[in-house]
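Novice: Sequence:
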Amino acid sequence: MTSEKTISLGIYPEVTLAQTRGKRDDARALVAGNADPSHHRKDAKAKARLEALNTFEAVASEWHALHTKSKSERNPVLITNNKGRLSRPLFYQA
Numbered sequence: 015m016t017s018e019k020t021i022s023l024g025i026y027p028e029v030t031l032a033q034t035r036g037k038r039d040d041a042r043a044l045v046a047g048n049a050d051p052s053h054h055r056k057d058a059k060a061k062a063r064l065e066a067l068n069t070f071e072a073v074a075s076e077w078h079a080l081h082t083k084s085k086s087e088r089n090p091v092l093i094t095n096n097k098g099r100l101s102r103p104l105f106y107q108a
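Per our numbering, numbering of the sequence shown is gapless, rising by one per residue and ending at 108.
Just so you know, these hints were derived from the structure itself, not from any lab.
The following label-pair restraints were derived from C-beta to C-beta distances:
1. 53 to 33: 17 to 27 Å
2. 34 to 66: 21 to 31 Å
3. 56 to 17: 17 to 27 Å
4. 50 to 81: 39 to 49 Å
5. 35 to 65: 24 to 34 Å
6. 62 to 31: 23 to 33 Å
7. 38 to 59: 17 to 27 Å
8. 20 to 73: 33 to 43 Å
9. 81 to 49: 38 to 48 Å
10. 27 to 65: 22 to 32 Å
Once the Cα atoms are required to be at most 20 Å apart in a straight line, the calculated SDA-like pairs of lysine to any residue come out as:
11. 61 to 71
12. 56 to 45
13. 56 to 36
14. 37 to 62
For glycine and all other residues, C-beta sits at the position ideal for the given N, C-alpha and C.
Starting from the given sequences, assemble the full structure and let the hints guide the process.
Specialist: And the structure:
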């Protein structure tokens, strides 16, 4: 015999009753379609994390970290200037 699975829909003051009922209805729709709501939630979080890692800023920072290791002994000022050039105009958020 398996135990009943439960899922948290939020903490009361932060999530209104109407929002909780909407989340409940969404979870019930997933169960009706033979999907596990907790796995659906985990997949959505993993997808959001992956999308956050695929931003230009994250890729540029990773590239900069990899390419500055060998060049930092030769010209540390150039490395600092390049990091500044990368971050100013490209990562601005309005």
